[in-house]
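Engineer: For reference, the chains in residue letters:
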Amino acid sequence: MDEIIAEFLLETNEGLQILDNALVLFERNPQDEELLSEIFRIFHTIKGSCGFVGMERLSNIAHHAEDALGLARDRQPTITPHFITVLLETVDRIKLITAGIEQTGEEPIGNDEELLSNLEGLLLLPTTVRPEVKSKKPASDTANDFSAAAKPDQNRPRSMDHGGDGDYSQQTVRVSVDVLEEMMAVVSELVLTRNQLLQTARTVKVRAFSPPLQRLNQAISELQENVMKTRLQPISNAWSKLPRIVRDVCVELGKKVDIEMWGQETELDRQVLEMIKDPLMHMVRNAADHGIEMPNVRKNAGKPETGRIVLNAYHQGGHIIIQISDDGRGLALDKIKSRALQAELASAEQLENMTPQQIQQFIFRPGFSTAERITSVSGRGVGMDVVRANIQKIGGTIEIASTEGQGTSFVINIPLTLAIITALIIEVAGTRFAFPQLAISELVMVSKKSGAKIETLNGAPVLRLRGELLPLVSLGEYLKIWDKDRVQAEGEAGISYVVVTKVAGVPFGVVVDRVLNMEEIVVKPQSRNLKDVHIFSGNTILGDGSVIMILNPSELLHVANIKEELPVVPEDQPLLESPLQENLLLLFKAGDKTLKAAPLKMVSKLREVKGADIELSNGRPVFQHMGQLLPIFGYDNAPVGKENAFLIVFEHDGSSAGLLVDQVLDIAKYNGTLAQGGRDKILATIILNKQSTDVVNPLWYMSTDSRVVENAS
Amino acid sequence: MTKPPDVQHVLAVYLGSAMFGIPITHIQEVLETPPLTYVPMLPPEVRGVMNLRGRVVTAVDLCAGLRQPDKGVTTSTPAFMSVVIEDGGDLYSLLVDKVGDVYAIPVASMGAVPPTVNDILKKAASGVFQLKDEIIIILKPDMLLGDRVDA
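Chains Z and E are the protein sequences, given in the same order.
All residue numbers for the first sequence refer to my numbering, where the first residue is 1 and numbers rise by one.
All residue numbers for the second sequence refer to my numbering, where the first residue is 714 and numbers rise by one.
Treat the hints with care, as some may be off.
[As the list claims (entries may be wrong)] Calculated lysine-lysine pairs in the BS3-like style (CA-CA distance at most 27 Å, straight line):
(1) Z:Lys531 <-> E:Lys836
(2) Z:Lys531 <-> Z:Lys593
(3) Z:Lys531 <-> E:Lys845
(4) Z:Lys453 <-> Z:Lys256
(5) Z:Lys502 <-> Z:Lys681
(6) Z:Lys531 <-> Z:Lys601
[Said to hold, decoys possible] Below, a sample of chain Z positions facing chain E; criterion: calculated Cβ distance under 10 Å:
(7) Ile109
(8) Glu182
(9) Thr193
(10) Leu197
(11) Thr200
(12) Ile321
(13) Leu333
(14) Lys337
(15) Tyr478
(16) Pro525
(17) Gln526
(18) Gly538
(19) Thr540
(20) Ser546
(21) Ile548
These are calculated hints, taken from the structure and not from any lab test.
Backbone N, C-alpha and C fix where the C-beta goes; we use that ideal spot for every residue, glycine too.
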């Protein structure tokens, strides 16, 4: 394409981006003359440069728009929504034409007569005096950095260096994105080579190398920082379209919505910016369309007629937080419930037991929409699942908080850049992996000796962490890189670590052998055949030159869910934060073959015991547990034998007791109510999975009654 | 379109005693294989990844990729060679036991692949050529990579 046309397109597009916003803003503040001048100037520039490159159609449209605006400026008629709508239509048309030019290099053929007559119609507003168009510089050419493209000098590309006018353009240079990408790639390589050099220098101490190496080190760090900076763009680039979208929704549906944007200058990597553009647009559109109520509804609810959508962006510890909140009707839990039932995503009982938070999560399911009607803007149910998928793709998270009647708020947490991330280097079976730091909430050391210990429930490993059961994924086992015998031998004495991770609000633990260090890693794209293995999101090269794989936490969650055979809540739900725990039963077998159960909330630990470890104190069997003597019982007064068995440790209000059982089976949910407390040994007998099941009363074992019975028998 | 060249230059590589030819137009470089990082969950012919001056290269065992009877050399030989090729923007390293000479092969006298070879080789080979006392099988390297191996 002709270089001049390319330049023209670039400038015009920049202008158009500003126009959308400026027009919407102008509708609100028709008195803002500076803004009007700005709008006028952009149309003028477009007109001017169109003529310069010979684009008749565009030039004609821009000319008419300029006329209409000139009228607005000189005669100040009442600015009606119609006025703005026509101008926005004009902007759209210009966009359409420039898109055509971009493809073919020539103006596409089309009929603009209706638009032009609409624009002419604007001139017939209250005053009909056709204003004199000031063709050169319009008023208020203050050093406005709104846009460099807004300068009405057609010859700008050629007159870069004749004084005065070129102040801004002299300080900025357009660089193609490809060049930037290439630069970033080279710098990444440079950083890696530097790391290798530094490592070598540490082992091979050659004095003469040391000072230049130091300087090199410093220079490269600076270079890296600066190149990173070139890739950063303010988030306002992604937001610029939003006011227009909100306005369109308002006009179509007759709503009143204000959009506020805070932290527009927050900068993030352009790659990340591209990825969140569409999700943001979708969410804002949703907020305007579904969130904010009609003015009369709002009035009746005691809210101001005009709804608010607030966007806020800020940096926080290497991440960007973006909040999108509205003061609309909030998520209707009942509607979500009935939709979930209808779509068979959950049963009625499950829904009954869910927290509002859990129910709200359904909106992230594919095809989930509660909109009663489908508008041209949204409601087709293609939405929040895609939004979340996109955000997760760049290693981000999205959380939702909504109060019915008061509004909804989304919080998006995304990394600053995709190119360089902070990761924890971990090791499993001698192989190192990088674990993105964003997903990690804490690290727990587990060993046979320390307090924290990996237990198994129905074959699935769990960790008891501050009173909650954390499902675990064993990385080595999943990746099949564990040499079973070796690990078991090592595991007996050895120490391993649990990386406590939170993905999509679900906490789970990843068991690894060793935790090495935190490192800033440069993410390298992986080759095609590695991409099929979703457990890895990329690879990187460490300082010592070795290649390691970057783990994908959301995929690990997936793995955890598969292993999770607890038939309680649908996937994606925080399993054990729910009040369901009240009704969770630990199933076990003891004595005869029938199923027994105990309320899980009173179970503090499960462990295997050797018969030899059981001691007698005051004639009754006890067991040393966490530095205390734990009274233990056989089921149904069965004698405490010398065989190895499982011990269920009950704990409640500071007292504890142990129950010896033959086998721990599973956790199950019971939907009925269970009597609490009581003095009987058996709380209730219930039907669970078509089997009659005795539910033991842990309190009985902890009470003095047990001693009495025990002694009597 | 220009007329296809009369001769094709191929680099001879060895898997045990079997000789294969890789067209040099595909080859980016040949080097002694650097240490590999094992990557779990991949098809068996992918031996891992390696660092080639800051680029991550996927190492594919040519022997396993071609489902050749294992001559017991490729992985146990410490200094096996890497023939680096580029495909679709990604770099791959074909691991071979030994690298030989470059031969200029007249395209006209290239023979068809004998029907007795295994299916993979049928897809991955473009022809055979009779050298003085050896037969060289000319490969289409891009057919060996990624998901196309089993296709």
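Engineer: Output the numbers, in ascending order, of every earlier hint that fails for this structure.
Structural biologist: Of the numbered hints, 2, 3, 4, 5, 6, 7, 8, 10, 11, 12, 13 and 14 do not hold.
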